[in-house]
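Novice: Chain by chain, the residues:
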Amino acid sequence: MIKDFFLLAAQSIIHRKLRSWLTVIGVFIGVTAVVALISIGLGLDRTIKDQVAKIFGVDTFMLLHEGAFGPQSHPGGDMDEYTLDLDYLRSIDGVRIAAAVREQTGFVQGPPGVDGQSIQGFLPVMGLSPELTTEFKSFLGSLEVQPGGRLFEESGEPVAVLGEAVAERLQASVGSTILVGGDTDLEQSLTVVGILSPAEDGGSAEDSTFSAGVGPSPDTIYVPFEIMDSLWGKDENVLVTLVRTEPGEDVEKVADRVETAVRARGAEVSAVTYNDISDAIGTMTSTVSAFLAGIAGISLLVGGVGVMNTMFTSVLERTKEIGVMKAVGAKNSHVLLIFLTESGLMGLVGGIVGTLLGLGLSAVASMFIGRFFNVDLVVVASPTLIIITLLGSFLIGAIAGLWPARRASKLSVVDALRYE
Amino acid sequence: MPLLGLKEITKDYMLGKTVVHALRGLDLRIDEGETVAIMGPSGSGKSTLMHILGVLDIPSKGSAFFAGKDLKQLAEHQLVSLRGKKIGFVFQTFNLIPTLSAQQNVELPMIFQGTRKTVRTKRARDLLSMVGLADRVRHKPNELSGGERQRVAVARALANDPAIILADEPTGNLDTESGKPILDMLKRLSRDGGKTVIIVTHDPDAAAIADRIVRLRDGRVVQEA
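Same order as they appear, the protein sequences are chains G and P. For what it's worth, the numbering used here labels the leading residue of the first sequence as 32, then goes sequentially. For what it's worth, the numbering used here labels the leading residue of the second sequence as 5, then goes sequentially.
Isolated chain P, as found in the complex (with noise of 0.2 Å):
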């Protein structure tokens, strides 16, 4: 059973007044695991797929099914409730909280699920000492690079150990330097630590790390490889 299943899915969303069709019937599937790497040309959809596949939207229509179940049938309270357990989210230009530290900002998510004080810090201080940011937990975003930043938001995504790692652009606003070990720890993640990683990407490194690389066009899938 694939852990992500779309099927027909058309999203179709306002902008202004005129409406935009993001989605136009895409069918994809995702197995537990699997690094995935989704690209295409701006405005070929891939944003709308990713708030999609994070539960952060909902399809206008067709079904997108999430470890075998109908996310149409789920009430709100159950979607925030996956999306805070199941899913990671790695942004492009990192989305830190700035008025929190970086160890606060990695305890965040598992402020939101009730975990106890003591488990959340040692599991933020681990997380982050994973990441090679150990000297850096008291740090605010703004004193850190945006390599180290983005490497809170990896530890931040992990927080509450989830199944699925989105990351968008998570080199767009890095140098190749910087970027490097992002990639390294999303692969790793996939490898060793039995995560299924979704690469949104431009960036041909990041795409080369994947298993799989889905080209997206005018709001389908235009080829899997």
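Chain G extracted, bound-state conformation (with noise of 0.2 Å):
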């Protein structure tokens, strides 16, 4: 019988083509527009975690400063330093390696020129771990040397890799020897093994995001890890220490074990980890997604609004058919049901093209927005997303179509007969 209710609804709706389809129109515009933005919203939270999981890697976390990481953070602040035993972090049960980042300015002297004079000055000195330019490439963003040239390989090694704009100003080249002073009267002589190639313009920007301000720099002096100790003392100063987990390893366990080993030991570290992360961009994405959709979701208030008047129009100018489908046998059911199919059914196309339309309408902003920062925004079609909102639609006309179908239902049969 609903299979019946629902042809003579199309039916109904198809003879009022001009009305209905205005009526629709209502529904698809607020339908569009929140599916679009919740897909816009999806693929940016797709697109970022997608670049965070390529970057960092599913099977390591961050050690970084307590508070660094979180709603309490401030970003754009220089990042904290915090002081790490990276030998007792490497004896850690579950972790397989770890990298540490750390960075001073020190004093700075190039190789002696053409006159015997040397340019020197007070420069940012970069201590990498050399796992960081071999196990967590991606973290750095292009760390590239310029051809002839190479990176630092063991840690210990007394070499230098040139930001090339630090390499023009001390006018250093591969094979040149710098001098690097660190505290009161430590130096050391580095031989310069590399100079990094310029960053290409914009490619590496996306790269860079999640490097936490290591990113390659034409202004600072990369050395080995050991080489800051010996200049700044023992694991001082470290910005970031990426740890990768043993394999078959629980990351979150691993990362758990590691924060209260090394807060024992009285580093304020809090150890951040891919879902840490995701959890941060999921939370911050769908804030503003489902702020966006609300705001998108009033439109489609104003379109149930439309169908209910819709509805009235339709059973004010019905009444006579009312009476007659009652004369004829419906009970107050039927009507019921015949009317709110009706409302449903009008719900529901609105639904369908609205959310063709906004598919369609968050690939191409997805293409325009990708293009203006420079990404590629994975489009979202989420199959859940559809389902409900489809149904989200039907009842939203079913809903509409409740009150004008109850006063439907509700007609005297005698009054609609009688009713011009």
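Derived from the structure by calculation, the hints contain no laboratory data. For every residue, glycine included, the Cβ atom is placed at its ideal position computed from N, Cα and C. Treat the hints loosely; a few may be bogus.
Simulated crosslink set (DSBU-like; lysine-lysine; CA at most 30 Å straight-line) [claimed, not checked]:
(1) P/K21 <-> G/K351
(2) G/K441 <-> P/K184
(3) P/K76 <-> G/K362
(4) G/K441 <-> P/K191
(5) G/K441 <-> P/K11
(6) P/K121 <-> G/K362
(7) P/K126 <-> G/K362
Taking beta-carbon pairs under 8 Å as the criterion, some of the chain P residues facing chain G (in silico) [said to hold, decoys possible]:
(8) L60
(9) D61
(10) S64
(11) A79
(12) H81
(13) V84
(14) R87
(15) G88
(16) N99
(17) I101
(18) L104
(19) I115
(20) Q117
(21) R160
Taking the hints as your guide, dock the two standalone chains into a single complex.
Specialist: Below you can see the structure in the form of structure tokens.
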């Protein structure tokens, strides 16, 4: 019988083509907006998470200074530093590789020039565990040296890699020796083994997003991590530590274990896993898209009111028809169902059109946003979203039709038949 | 036992703020298989009587019996069911559903009774052929002439094989030529089909097919012949 009512409702909708279409337009504008915004939000979320997973790897976690990550953190500010015994960290169960980044400002003296004078100045010196360039390549972004040079391989090597601006300023090239001064009277001669290639314009912008400010910089001198020890003391001023777990270990558990262990030794760090990051991103993107979709939802509400209006008009204009249906044996519940089906169907058609348009719109918008920010934005057509939208729009229609349909079903037969 | 029995029926209804005394103590008895014409001037209570005979409305006072059952004792859903199964209506203005084809219009009463699709389709087609519209099954009401529309309405009235056909001015909107087949059909339904046919009419031609004419005036039966 429901099938018959669907047919009756569909015929009635088709019969009132113009009005039905206008009503449906009212619904699908809202649905389009909601679907498009949520889809873009989902796409953004997926894109960012994919990037994080690619750069970071799901078997890896970071040690950052307490409070450097999470709601209390202040993005854009300088990273807080902490003290960390890297050797102890490596000895903790489940840790396979640990690599750290530390930074200091050092007094640097370039190689003697043709006139015997050398250029000197205070420059940022960054110590990198060699694993960063071998195991966590993507974390640093495109750290590449110009032809003829290399990156360092051993942690104790007295070598340096120069950002191209530094190299130019110090007039150093591969093979030259520079002198770096650390705390008070400590100093060390380092052989330049490589000069960074200038970063390609824009190309690596997204890659450095998650390198926490330690990406390739033309103004920095890069040295092996242990060289920093000999200049500024052991394991001080660490910015970030990356830890890769043993295969098969639960990253979350190892992260907890490491955090507890190194904190017991006084390091004020917190462990940040892929899940922490993607949760934080998820919270952020879903808050934003829920907010936007909520605003778009208002237009959906307006669409619902449109359906209600159309249904009231329809009930009024079909009063006699309702009387006839009741005279030929329709129960009140039949009349109710016929009108509910009709309004629900209008909602559903609005939902289908809106979903298609919304997905299309989100694909187009993703393309533009992606082009603007120079990222490949994933286009997400979530089946859950589609099903919920279609069900929801049918329900919106049906709910909007409830009041008019009840009024129709309660009409007295005699009054309805007499209605002209 | 009469099929329909009305005793001391009064019916008042509100028209705006004034009370209309449509029926004022009406007695009527209609037996199974009879063809009865109900006649009377405008305002005599014909329509109200038809509503009560058709179980569309209940009397203010008095008792109405349908096949021995007191309608006052029946619950709303039983009245709806009685109306759907036992009574077929033919209206002056045809009252077909404009969005539905002739066949669907005939199927409609069967849909409300939950008749299976295949049974329904066949019966609707049979009924439409019986009223001479076999080639019009897919036509919408606005594609049919007045006489054809009323024939669809007769087919619809017969859909659930009711005991009573209640026709309210069935020829009121038709010319004599197209009205005649309708009256012939109603006569045949009574004579050959064993149906009880009640015709409310002004039209002497329509009254002529009746076994008995009941005349109303001021809400009472003034003459039965």
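Novice: The structure should be examined with respect to each hint, and the outcome stated for every one.
Specialist: Do the hints match the structure? See the list:
A threshold of 30 Å between alpha carbons decides the hint, and for P/K21 with G/K351 the separation of about 23 Å falls inside it, so the pair holds. Proximity of G/K441 to P/K184 is assessed by CA-CA distance (about 37 Å); at most 30 Å being required, the pair is judged violated. At most 30 Å may separate the alpha-carbon atoms for a hinted pair to count; P/K76 and G/K362 meet this at roughly 19 Å. Simply put, G/K441 and P/K191 have alpha-carbon atoms about 36 Å apart, too far for the 30 Å limit, and the pair is violated.
A distance of roughly 29 Å separates the Cα atoms of G/K441 and P/K11; the hinted pair therefore holds under the 30 Å criterion. A threshold of 30 Å between alpha carbons decides the hint, and for P/K121 with G/K362 the separation of about 19 Å falls inside it, so the pair holds. Between P/K126 and G/K362 the alpha-carbon distance is near 24 Å, which keeps this suggested pair within the 30 Å criterion. The beta carbon of P/L60 comes within 5 Å of a beta carbon in chain G, closer than 8 Å, and the hint placing it at the interface holds.
The closest approach between the C-beta of P/D61 and any C-beta of chain G is roughly 5 Å, which is under the 8 Å cut-off, so the hint is satisfied. About 13 Å separates the beta-carbon of P/S64 from the nearest beta-carbon of chain G, more than 8 Å, and the hint is not met. Interface restraint check: P/A79 against chain G, minimum CB-CB distance 12 Å, threshold 8 Å, status violated. The closest approach between the C-beta of P/H81 and any C-beta of chain G is roughly 7 Å, which is under the 8 Å cut-off, so the hint is satisfied.
Hint on P/V84 holds. Least Cβ distance to chain G is approximately 5 Å, under the 8 Å limit. The closest approach between the C-beta of P/R87 and any C-beta of chain G is roughly 6 Å, which is under the 8 Å cut-off, so the hint is satisfied. With its C-beta approaching chain G no nearer than about 2 Å, P/G88 sits inside the 8 Å limit, and its interface hint holds. Contact between P/N99 and chain G, as hinted, is supported at the beta carbon level, the nearest pair being about 4 Å apart and thus within 8 Å.
Checking P/I101 against chain G: minimum C-beta separation of about 6 Å stays under 8 Å; hint holds. Taken as an interface hint, P/L104 checks out: its beta carbon lies about 6 Å from the nearest beta carbon of chain G, inside 8 Å. Taken as an interface hint, P/I115 checks out: its beta carbon lies about 5 Å from the nearest beta carbon of chain G, inside 8 Å. For P/Q117, the shortest C-beta to C-beta distance to chain G is roughly 6 Å, which falls under 8 Å, so the interface hint holds.
With its C-beta approaching chain G no nearer than about 7 Å, P/R160 sits inside the 8 Å limit, and its interface hint holds.
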